[in-house]
Amino acid sequence: MIGARTGNRGLERLWSSLVWGLMGFFLINVGAVIATVVVSSFGTRWFNSWLPQGFTTRWYGSAWDEFQLDYLLIVTTEVTLTVVAVSILLGVPAAYALARRDFAAKRWVLLLFLLPLLVPPITYGIPLATVLYKFHLGGTMLGVILSNLVPAVPFVVLTMTPFIEQIDPRLEAAARVFGAGTLRTFIHVLVPLLAPGMLAAALLVLVRTLALFELTFLTAGPDSQTLVVALYYSVFAAGVRATQSVDAMAVVYMVTTLFWLLIALRFVDPTQLVTRVKEQRAAR
Amino acid sequence: MAARATESDTIAGRTAGFDAAPLLWIPAALVVVALFLYPFGYGLVLSLTPAKGDVLANYQRFFTDQRLWQTISTTLWIALPATLINVGVSIPIAFVMRHPAWYQRALTTLLVVPVTLGTVLVAEGLLTYLGPQGWFNRLLLDLHLVAAPVRLTHNYWGVLLSLVITGFPFAFLLILSYLTGIDPSLARAAATLGARPGAQFRHIYLPLLAPGLAITFCLAFVQAFSVFPSAVLLGAPAGPTRVISIAAYQAAFEDYDYSMASAIAMIMGGVQLIIVAAVLSARGFFYRGPAGGGKG
Numbered sequence: 000m001i002g003a004r005t006g007n008r009g010l011e012r013l014w015s016s017l018v019w020g021l022m023g024f025f026l027i028n029v030g031a032v033i034a035t036v037v038v039s040s041f042g043t044r045w046f047n048s049w050l051p052q053g054f055t056t057r058w059y060g061s062a063w064d065e066f067q068l069d070y071l072l073i074v075t076t077e078v079t080l081t082v083v084a085v086s087i088l089l090g091v092p093a094a095y096a097l098a099r100r101d102f103a104a105k106r107w108v109l110l111l112f113l114l115p116l117l118v119p120p121i122t123y124g125i126p127l128a129t130v131l132y133k134f135h136l137g138g139t140m141l142g143v144i145l146s147n148l149v150p151a152v153p154f155v156v157l158t159m160t161p162f163i164e165q166i167d168p169r170l171e172a173a174a175r176v177f178g179a180g181t182l183r184t185f186i187h188v189l190v191p192l193l194a195p196g197m198l199a200a201a202l203l204v205l206v207r208t209l210a211l212f213e214l215t216f217l218t219a220g221p222d223s224q225t226l227v228v229a230l231y232y233s234v235f236a237a238g239v240r241a242t243q244s245v246d247a248m249a250v251v252y253m254v255t256t257l258f259w260l261l262i263a264l265r266f267v268d269p270t271q272l273v274t275r276v277k278e279q280r281a282a283r
Numbered sequence: 000m001a002a003r004a005t006e007s008d009t010i011a012g013r014t015a016g017f018d019a020a021p022l023l024w025i026p027a028a029l030v031v032v033a034l035f036l037y038p039f040g041y042g043l044v045l046s047l048t049p050a051k052g053d054v055l056a057n058y059q060r061f062f063t064d065q066r067l068w069q070t071i072s073t074t075l076w077i078a079l080p081a082t083l084i085n086v087g088v089s090i091p092i093a094f095v096m097r098h099p100a101w102y103q104r105a106l107t108t109l110l111v112v113p114v115t116l117g118t119v120l121v122a123e124g125l126l127t128y129l130g131p132q133g134w135f136n137r138l139l140l141d142l143h144l145v146a147a148p149v150r151l152t153h154n155y156w157g158v159l160l161s162l163v164i165t166g167f168p169f170a171f172l173l174i175l176s177y178l179t180g181i182d183p184s185l186a187r188a189a190a191t192l193g194a195r196p197g198a199q200f201r202h203i204y205l206p207l208l209a210p211g212l213a214i215t216f217c218l219a220f221v222q223a224f225s226v227f228p229s230a231v232l233l234g235a236p237a238g239p240t241r242v243i244s245i246a247a248y249q250a251a252f253e254d255y256d257y258s259m260a261s262a263i264a265m266i267m268g269g270v271q272l273i274i275v276a277a278v279l280s281a282r283g284f285f286y287r288g289p290a291g292g293g294k295g
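First to last, the protein sequences are chains A and B. Under numbering that gives the first Met the number 0, the first residue of the first sequence is numbered 0, with each subsequent residue one higher. Under numbering that gives the first Met the number 0, the first residue of the second sequence is numbered 0, with each subsequent residue one higher.
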């Protein structure tokens with residue numbers, strides 16, 4: 000009896016070290032994938048050895064010129080910031096209505112906001128691109144911004160709704176007692192209370208928009224590409240340019256995204272980037 | 000419903016006048032209707048109005064042309080194993096790490112990195128890392144595990160591995176958040192009755208986790224099924240990894256046949272819907288109810 004129990008314990012320990020080992024193996028491989036890109040971008044010639052023959056920073060210069068990185072960064076910034084601003088402006092009031100008021104269509108409205116987050120971008124991206132081209136918006140900056148709004152606005156709505164629900168409605172009631180209208184209550188009472196949640200939602204949308212490939216890919220023209228789409232095209236046309244140059248561009252993309260991710264992680268829980276479904280369930 | 004609305008209005012201190020607050024959702028909803036629902040409807044109608052042939056001509060062509068209908072099985076052959084691996088491996092790992100500890104936050108932070116960087120960057124990195132001269136093959140050769148470099152890029156395995164690298168953290172983070180939402184006192188009660196972790200998992204956690212698992216499986220599957228960049232960059236987009244999204248993309252941007260492209264996109268959504276419906280109806284066999292314990 001006692002022997003069986005210690006045997007069980009040994010098995011459990013073995014099992015848990017196996018599980019940890021698996022996790023470690025995964026993380027080491029992810030780290031190595033990222034390290035490969037970084038090392039290659041600083042390498043001179045890398046062939047048949049563990050490390051490149053020498054190290055240089057010249058690939059960054061050539062990548063900067065070849066891919067017009069300055070222009071790409073400007074476009075990426077413009078697209079991302081516009082998407083963040085518009086989705087906050089539209090999403091926060093919608094979240095307020097959903098959190099504070101009961102109306103007949105509420106279930107349907109929630110479903111409407113949930114759908115774009117559940118359907119993968121490439122599935123609706125193709126009809127969306129078709130419509131944008133029909134209205135001559137395909138290939139333009141406006142088209143890229145509009146298509147990026149599709150997942151961004153619902154994301155803000157669904158992350159802000161539970162946040163607003165936990166703010167005490169009596170604070171608004173008090174403001175109204177003293178004669179403030181909807182607008183004044185919103186600006187002087189709600190916005191300061193909502194600021195932390197809005198900051199978190201904005202950062203999450205920012206990181207997700209930077210990395211969102213499919214929609215921008217399907218709707219962007221040559222002069223409205225974001226970093227991640229340009230990276231795709233340069234990997235796709237591998238052989239045209241030096242691998243190291245493409246890797247240097249990948250590092251620029253990686254640094255941009257991880258910079259904002261690090262800032263975002265100061266304000267949000269990492270799982271919030273993934274688990275919008277749970278928040279949705281909590282909202283009910 | 001009307002009575003409840005008035006009640007919340009009085010709570011808000013409102014005495015008279017028009018309350019605009021319930022209408023605030025309309026602008027955001029209009030964006031989703033105009034840019035999501037309308038294109039979907041437009042795509043559906045467009046797919047039913049082909050350049051030549053009758054209403055269902057596009058769909059007939061899809062299901063008779065082997066190069067087209069085969070993309071469904073090709074995609075399933077990549078997406079289903081990837082989803083099973085990602086969800087299957089996540090369950091034991093999340094179970095071992097379910098108790099809050101310093102490493103939980105560190106781990107979730109590390110795992111969110113590949114999810115954030117996205118498939119394009121992961122594909123770019125894997126091309127070199129898994130390539131014949133990459134570190135992975137170099138290690139295998141130095142350890143004398145293989146005699147010649149293993150081919151892992153520009154074929155099925157490259158795409159599968161890229162889906163695991165971006166999909167596993169996603170599935171793990173979801174399952175971990177579901178698992179930590181289960182009241183640990185339920186398992187503690189079982190433990191006082193002599194249940195070892197294995198039995199606790201089978202009899203307490205697994206039934207309570209089932210709904211979360213079903214949703215995680217669906218989300219992970221839908222993502223894997225719509226694989227695009229890594230199937231092009233890391234796979235063999237002309238043959239073994241010609242997934243359905245590639246067929247749709249080619250129809251739209253290489254043949255300029257938007258009608259056919261919309262039809263393929265609709266079929267893609269349809270297949271996803273069928274699998275999701277199947278998984279969610281299977282969920283009906285499991286326990287349904289609160290997982291938070293008595294105090295909810």
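It is worth saying that the hints were derived from the structure and are not from the lab. None of these values were measured; they are calculated from a predicted model. Errors might be hidden in some of the hints.
To be verified - Here are the simulated DMTMM-like pairs of lysine to aspartate or glutamate, each with C-alpha atoms no more than 25 Å apart in a straight line:
| no. | chain 1 | residue 1 | chain 2 | residue 2 |
| --- | --- | --- | --- | --- |
| 1 | A | Lys105 | A | Glu65 |
| 2 | A | Lys133 | B | Asp64 |
| 3 | A | Lys133 | A | Asp167 |
| 4 | B | Lys51 | B | Asp254 |
| 5 | A | Lys105 | A | Glu164 |
| 6 | A | Lys133 | A | Asp222 |
| 7 | A | Lys133 | B | Asp182 |
| 8 | A | Lys133 | B | Asp256 |
| 9 | A | Lys133 | B | Asp254 |
| 10 | B | Lys51 | B | Glu253 |
| 11 | B | Lys51 | B | Asp64 |
| 12 | B | Lys51 | B | Asp256 |
Verification of the hints:
1. Restraint check for lysine 105 (chain A) and glutamate 65 (chain A): the C-alpha separation of about 51 Å exceeds 25 Å, so the hint is violated.
2. For the hint linking lysine 133 (chain A) to aspartate 64 (chain B), the alpha-carbon distance of about 28 Å lies beyond 25 Å, and the restraint is violated.
3. Among the hinted pairs, lysine 133 (chain A) with aspartate 167 (chain A) is inconsistent with the structure: their alpha-carbon atoms are about 47 Å apart, more than 25 Å.
4. The straight-line distance between the Cα atoms of lysine 51 (chain B) and aspartate 254 (chain B) is roughly 15 Å, inside the 25 Å bound, and the hint therefore holds.
5. Under the criterion of a C-alpha separation no larger than 25 Å, the hint pairing lysine 105 (chain A) with glutamate 164 (chain A) is consistent with the structure, at around 15 Å.
6. Between lysine 133 (chain A) and aspartate 222 (chain A) the alpha-carbon distance is near 19 Å, which keeps this suggested pair within the 25 Å criterion.
7. Distance check on the hinted pair: lysine 133 (chain A) and aspartate 182 (chain B) sit about 53 Å apart at the alpha-carbon level, beyond 25 Å; violated.
8. A hinted pair counts as satisfied when its Cα atoms are at most 25 Å apart, and lysine 133 (chain A) with aspartate 256 (chain B) qualifies at roughly 13 Å.
9. For the suggested pair lysine 133 (chain A) and aspartate 254 (chain B), the alpha carbons sit about 17 Å apart, so the restraint of at most 25 Å is met.
10. Taking the CA atoms of lysine 51 (chain B) and glutamate 253 (chain B), the gap is about 18 Å. The hint holds against a cut of 25 Å.
11. Taking the CA atoms of lysine 51 (chain B) and aspartate 64 (chain B), the gap is about 16 Å. The hint holds against a cut of 25 Å.
12. Proposed proximity of lysine 51 (chain B) and aspartate 256 (chain B) is supported: the alpha carbons are some 11 Å apart, at most 25 Å.
Against the hints set out earlier in the document, violations occur for numbers 1, 2, 3 and 7.
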